[in-house]
Structures are given as C-alpha cells and as structure tokens.
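The opening position of the sequence shown corresponds to residue 8 in this note's numbering, with each subsequent residue numbered one higher.
Simulated from the structure, these hints should not be mistaken for lab results.
Be careful, since some hints might not be right.
[What the hints assert, rightly or not] Simulated pairs of lysine-lysine, DSSO-like, Cα-Cα distance not exceeding 30 Å: (1) K37 - K97; (2) K36 - K187; (3) K90 - K37; (4) K172 - K36; (5) K90 - K36.
[Said to hold, decoys possible] Label-pair ranges, simulated between beta-carbon atoms: (6) T164 - Y71: 40 to 50 Å; (7) L52 - G89: 45 to 55 Å; (8) T74 - F11: 23 to 33 Å; (9) K36 - T74: 39 to 49 Å; (10) F11 - N39: 20 to 30 Å; (11) T74 - N39: 38 to 48 Å; (12) K112 - V149: 33 to 43 Å; (13) F40 - W78: 18 to 28 Å; (14) K97 - V41: 22 to 32 Å.
Note that beta-carbon positions come from the ideal geometry of N, C-alpha and C, so glycine has one too.
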Amino acid sequence: MGLFELIFISVGLAMDAFAVSVCKGLNMKKINFVHGGIIALSFGLFQGVMPLIGYMLGTNFEKYITTYDHWLAFGLLAFIGGKMIFDVIKSKDDDEGLSNKFDVKELLILSVATSIDALAVGITFAFLNDNNIIFSVSVIAVITFVLSFAGVVIGNTFGAKFKEKAEIFGGAILILIGIKILMEHLFVK
Numbered sequence: 008m009g010l011f012e013l014i015f016i017s018v019g020l021a022m023d024a025f026a027v028s029v030c031k032g033l034n035m036k037k038i039n040f041v042h043g044g045i046i047a048l049s050f051g052l053f054q055g056v057m058p059l060i061g062y063m064l065g066t067n068f069e070k071y072i073t074t075y076d077h078w079l080a081f082g083l084l085a086f087i088g089g090k091m092i093f094d095v096i097k098s099k100d101d102d103e104g105l106s107n108k109f110d111v112k113e114l115l116i117l118s119v120a121t122s123i124d125a126l127a128v129g130i131t132f133a134f135l136n137d138n139n140i141i142f143s144v145s146v147i148a149v150i151t152f153v154l155s156f157a158g159v160v161i162g163n164t165f166g167a168k169f170k171e172k173a174e175i176f177g178g179a180i181l182i183l184i185g186i187k188i189l190m191e192h193l194f195v196k
C-alpha cells in the first residue's frame, strides 16, 4: 500500500473522531487548548493503537470481531449522544448551557467507539502483509490528532454562539454516527 492510499484511509478513519471532536468543541463555553489537545491525543492514540491490535489479531479472530464491532460502536455512541441531549433537557433551568467540564471517562468511551473501525482496518493490513505497520499506524494517529484538534476549535467557534442547541445537535450527531456505523455493517456487505 502506498502513502497516498494510507493518507486516504487515515482521513476516512479520522472522520468519526473529527465529528465527535466538533461535538466536544460545541460543548465548550470557551476554547480550552489543553482540553482540545487531550481530546485530539486520545482520539489519535486510539485510532493508532486499534489498527495495531487488529494487525496483531490478524485473520484468526476476524469473524468474531467484525460480527459485533458495529453493535458496540452504535451502543457507545448512542448512549453518549443520548446522555448529552438528556443533560441539556435536564438543565433547561440553567442559563449557562455550555460548560468547560471535562469528563475523561466519556472521552475514553468516545475514543474506543470511534476507533473500532480502525481495528478492522488493522486486520486488513495483516491481510495485505503490511510490513511497515508502525509507519501506517503512526500516519493514522497523526492525521486523526490534527483533524480532531481542528474539530474542537471549529466546534467551539459555533458552540459559543448557539449554547444548548449546539449540545443537542452534538448529541444527535453522535447518535447518527452510531446509526451510520450500524447500517453500514448490517446492510452493506
């Protein structure tokens, strides 16, 4: 596999993380570059590690992983998205709407959920006998990091203007990403 193909795969894998990063940025009252960096690092790290794990698992466990990966991603994204919407509805009496809270547990769940497809890509790399797996996963991680950080900044730019509507929109986006992943795996074979 050439560098051109690897970059396209990396950008494709990073799109879910980018969308979730936009949602995280939407939820920020004021841009926090440290939190943005942590979000981007988490997504980049998971997007880089998952294909490595998939590569190591190789063909032995492919049928078990691909049978359930979409359900896991859907469940995690739907749960977090639903929680975001519920929190906004529950706190309607709050004037603030947006916050600078940072939930590490939620970030880890989102990082896993958005990187499950990368696990399958790692299995594909094993099929292709990718002898330079460290370089491949590094490119995936760096591209995901950059796009995720940009997503936080972009999301914050819009979130500061639209308050709780932005968080509801962000929660709906997460649910829709989960549905998209589920539909792709159930109906596109």
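Status of the hints after comparison with the structure:
{"no.": "1", "hint": "K37 - K97", "result": "holds, 22 Å"}
{"no.": "2", "hint": "K36 - K187", "result": "holds, 29 Å"}
{"no.": "3", "hint": "K90 - K37", "result": "holds, 21 Å"}
{"no.": "4", "hint": "K172 - K36", "result": "holds, 13 Å"}
{"no.": "5", "hint": "K90 - K36", "result": "holds, 18 Å"}
{"no.": "6", "hint": "T164 - Y71: 40 to 50 Å", "result": "holds, 42 Å"}
{"no.": "7", "hint": "L52 - G89: 45 to 55 Å", "result": "violated, 26 Å"}
{"no.": "8", "hint": "T74 - F11: 23 to 33 Å", "result": "holds, 32 Å"}
{"no.": "9", "hint": "K36 - T74: 39 to 49 Å", "result": "holds, 42 Å"}
{"no.": "10", "hint": "F11 - N39: 20 to 30 Å", "result": "violated, 35 Å"}
{"no.": "11", "hint": "T74 - N39: 38 to 48 Å", "result": "holds, 39 Å"}
{"no.": "12", "hint": "K112 - V149: 33 to 43 Å", "result": "violated, 25 Å"}
{"no.": "13", "hint": "F40 - W78: 18 to 28 Å", "result": "violated, 35 Å"}
{"no.": "14", "hint": "K97 - V41: 22 to 32 Å", "result": "holds, 27 Å"}
Checked against the numbered hints above, the structure breaks hints 7, 10, 12 and 13 and satisfies the rest.
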